[in-house]
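Chain order of the listed sequences is A and B.
According to numbering that gives the first Met the number 0, the first sequence is numbered sequentially starting from 0.
According to numbering that gives the first Met the number 0, the second sequence is numbered sequentially starting from 0.
Simulated from the structure, these hints should not be mistaken for laboratory data.
Any given hint might turn out to be false.
If chains are identical, the list can't say which one is meant, so a pair holds when it fits in one copy or spans any two.
As the list claims (entries may be wrong) - Think about it this way: if two alpha-carbon atoms lie no more than 20 Å apart in a straight line, the pair counts; the simulated EDC-like pairs of lysine to aspartate or glutamate are:
(1) 268 / 87
(2) 169 / 396
(3) 399 / 315
(4) 206 / 87
(5) 278 / 396
(6) 169 / 381
(7) 206 / 362
Protein chains: 2
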Amino acid sequence: MNFIEGGVCAAQGFRAAGIHVGVKTHASWKKDVALIVSDTDCAAAAVFTRNVVKAAPIHVDLAHLAGGHARAIIANSGNANACAPQGEENAERMCAAAAAAVGCRPEEVLVSSTGVIGQTLNVQVIEEGVPALYGQLARSAAGSDAAAHAIMTTDTVKKEAAVETVIGGKTVRIGGIAKGSGMIHPNMGTMLCFLTTDCAISPAMIKSALLETVQVSFNRISVDGDTSTNDSCIVLANGLAGNPEITEKNGDYAAFAEALKHLCTALAKKMAADGEGAKHLITCTVTGAKDEEQAETIAKSVISSTLTKAAVFGADANWGRVLCAMGYSGAEFDPQRVDVSFASAAGEVAVCAAGRGLSFDEEQAKAVLTEHDVEIRIAMGEGGAGCTCWGCDITYDYIKINGDYRT
Amino acid sequence: MNFIEGGVCAAQGFRAAGIHVGVKTHASWKKDVALIVSDTDCAAAAVFTRNVVKAAPIHVDLAHLAGGHARAIIANSGNANACAPQGEENAERMCAAAAAAVGCRPEEVLVSSTGVIGQTLNVQVIEEGVPALYGQLARSAAGSDAAAHAIMTTDTVKKEAAVETVIGGKTVRIGGIAKGSGMIHPNMGTMLCFLTTDCAISPAMIKSALLETVQVSFNRISVDGDTSTNDSCIVLANGLAGNPEITEKNGDYAAFAEALKHLCTALAKKMAADGEGAKHLITCTVTGAKDEEQAETIAKSVISSTLTKAAVFGADANWGRVLCAMGYSGAEFDPQRVDVSFASAAGEVAVCAAGRGLSFDEEQAKAVLTEHDVEIRIAMGEGGAGCTCWGCDITYDYIKINGDYRT
């Protein structure tokens with residue numbers, strides 16, 4: 000399995016585009032509508048936010064996905080179309096506009112939105128822009144790049160990745176674009192992720208692979224603990240790779256799921272590293288746990304701890320906050336068995352052994368924590384299970400970005 | 000029932016003091032050890048952190064409270080005595096030193112610590128300082144003031160309150176000092192609260208009243224979602240008011256519990272308003288809920304939402320974040336019935352009705368949110384229950400304080 004170029008256009012038979020139509024009124028140079036189209040019908044699946052308050056596009060997508068098939072995805076940034084007047088009507092109008100251009104039924108189009116909540120979506124500018132958007136569709140990396148930019152809100156970099164593997168003797172590609180930061184703990188900017196693949200796989204199996212994947216990738220990152228109304232991860236599989244269709248959980252399924260996990264983990268880490276205002280990617284690796292659930296509960300709690308995030312921002316080896324976050328995670332464990340160290344490209348510093356503080360070189364610890372990528376390593380001493388989660392530090396810029404997001 | 004002066008010395012038969020002995024090495028002018036002593040034996044009860052990682056003083060207190068009685072409380076700031084070498088031994092040494100000065104058994108002394116985790120407590124300077132501390136004990140408001148200052152860490156103001164009521168024909172007083180910010184979601188500085196009363200009440204009843212009270216006061220505030228290793232709320236009742244001892248849940252018990260709740264709600268609000276770096280006290284009032292549990296789950300989620308806190312910091316009427324936080328709270332509800340408004344001394348602005356955004360005057364909303372005390376009012380439209388929770392905004396100073404707390 001290799002990482003390759005091309006993002007959401009890496010797989011055969013997919014085209015993408017992104018342009019500015021005017022949903023983002025304050026930044027007229029920024030792209031705000033993206034379109035992804037497959038040449039042929041796709042098996043389709045999606046995972047949506049667990050928030051009780053769901054944006055209108057999610058309700059529309061749930062209906063459109065009933066049969067497990069789709070042809071295209073249209074998405075806008077600048078307005079979440081959540082808690083907004085005419086929400087579902089406007090989401091349906093986006094699908095209809097895209098369908099008219101693509102030449103398919105509106106039910107074959109999926110739709111996503113991200114941006115401010117509670118304001119009426121200016122669907123007219125989207126409808127007027129769709130012909131131009133369709134005209135820009137490209138089968139190249141440039142098409143994926145434009146689409147990736149068009150779904151950005153407070154993101155500072157586009158998130159794009161693609162992988163290539165061999166399944167059933169055929170080269171299969173999976174690519175994706177994403178924005179925001181996670182399915183359980185995304186920032187309000189919302190996590191959106193659109194995945195495309197030329198793998199031949201049934202709707203039931205693509206859904207299963209997506210659920211497995213989201214659990215160990217996007218659900219293991221956190222920026223600020225706020226779960227958005229719009230979080231969506233959608234995958235389209237058009238089968239053009241020509242592999243024997245995956246219709247059960249066999250070896251081909253495992254190979255596909257593994258490739259999908261690699262891809263989504265890469266995208267998830269990009270999201271965590273680009274958390275609003277973040278200066279550090281924080282990786283928390285728990286080993287020696289009783290089971291994976293315990294490891295995951297603890298790792299998630301540590302990367303979600305505001306105080307731990309602030310300590311990493313300050314390059315302060317305040318490991319007490321790590322133990323504290325483990326302690327309130329809800330997981331049962333014996334604090335007296337816990338070892339903790341901080342690690343990065345600058346080395347590793349052990350700070351706690353068997354639940355008690357070690358004396359360590361503060362200067363060395365500072366050097367370790369000053370690196371961009373910082374790892375918190377926790378050894379539980381209880382068993383053989385483990386889990387890795389990703390997050391970011393909390394900074395002045397986070398407050399600045401979120402203190403005045405709407406205006 | 001009236002609020003009165005005197006804090007932890009308001010009730011008959013209590014003396015308090017606070018001095019600097021040298022636990023806080025970086026700030027030699029700051030008091031760091033407090034002592035509270037009752038003239039006579041007290042019924043005693045306490046509530047401690049739910050964190051799996053509990054500081055050493057909590058283990059010691061649990062043992063000392065086995066019989067439901069105590070005479071004194073000794074507490075230090077500057078070191079949490081959590082995950083630290085010789086933790087329980089040092090906590091016991093603090094009790095022994097206080098007991099020697101007071102003239103009671105070490106088991107009659109309760110102990111608390113707050114400050115940095117994982118470093119050995121300098122118990123020797125405390126032992127050496129206890130005679131001077133004991134010599135400073137005062138029965139006046141000045142004694143309570145000194146003790147309140149001696150338990151502060153990143154607190155910017157002392158937290159102190161007292162109430163007076165009539166129970167069984169006698170004037171009963173309850174007073175308290177506190178620091179930090181909450182039992183479920185305190186900041187790492189830890190919540191400590193010491194309460195004293197001259198009410199005659201049995202150990203079982205004082206414990207019951209304390210549990211009821213903590214649930215609706217300290218457990219309804221949040222600063223940053225991090226639950227400390229040291230959170231403790233301790234109450235001593237010496238019976239000197241001369242009321243008939245409360246030994247069952249009768250009218251006198253109800254009167255006492257009500258007074259205790261008033262006192263602790265006042266202290267809890269002081270904590271929330273003094274959250275690290277906070278510029279606003281945020282009150283979230285939920286009405287029209289199906290039941291109190293639903294109301295509390297939703298109100299807590301809103302005041303804990305980092306994004307809502309950042310919006311209040313920016314005086315940005317971003318009510319979508321309020322609905323979003325309600326939605327991921329875990330409570331089931333119908334978003335289409337929800338009304339939201341922002342209120343303060345500057346007025347009230349309705350921003351959402353029946354789950355949809357209202358057009359409102361942005362300037363007026365800004366004026367409302369610029370006040371120090373800001374209220375988020377949520378009407379669920381589902382029933383007759385309600386709940387109020389308190390929190391604070393998140394600011395640049397929060398990051399500054401917590402980015403470099405240890406050093």
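Against the structure, the hints come out as follows:
Proximity of residue 268 and residue 87 under a CA criterion of 20 Å is satisfied in neither setting, with 32 Å inside one chain copy and 41 Å between copies. Neither within a single protomer nor between protomers do residue 169 and residue 396 lie at most 20 Å apart by alpha-carbon distance, with minima of 47 Å and 56 Å respectively. When the C-alpha separation of residue 399 and residue 315 is checked against a cutoff of 20 Å, the pair qualifies only between copies, where the shortest distance is 12 Å, while the shortest distance within a copy is 22 Å. Taking identical chains as interchangeable, the C-alpha atoms of residue 206 and residue 87 are never at most 20 Å apart, the minima being 24 Å within one chain and 53 Å between chains.
Taking identical chains as interchangeable, the C-alpha atoms of residue 278 and residue 396 lie at most 20 Å apart whether they share a chain (9 Å) or sit on different chains (17 Å). With identical chains, the CA atoms of residue 169 and residue 381 are never at most 20 Å apart, being 43 Å at best within one copy and 57 Å at best between copies. Neither within a single protomer nor between protomers do residue 206 and residue 362 lie at most 20 Å apart by alpha-carbon distance, with minima of 49 Å and 47 Å respectively.
Hints 1, 2, 4, 6 and 7 from the earlier list are contradicted by this structure; the remaining hints agree with it.
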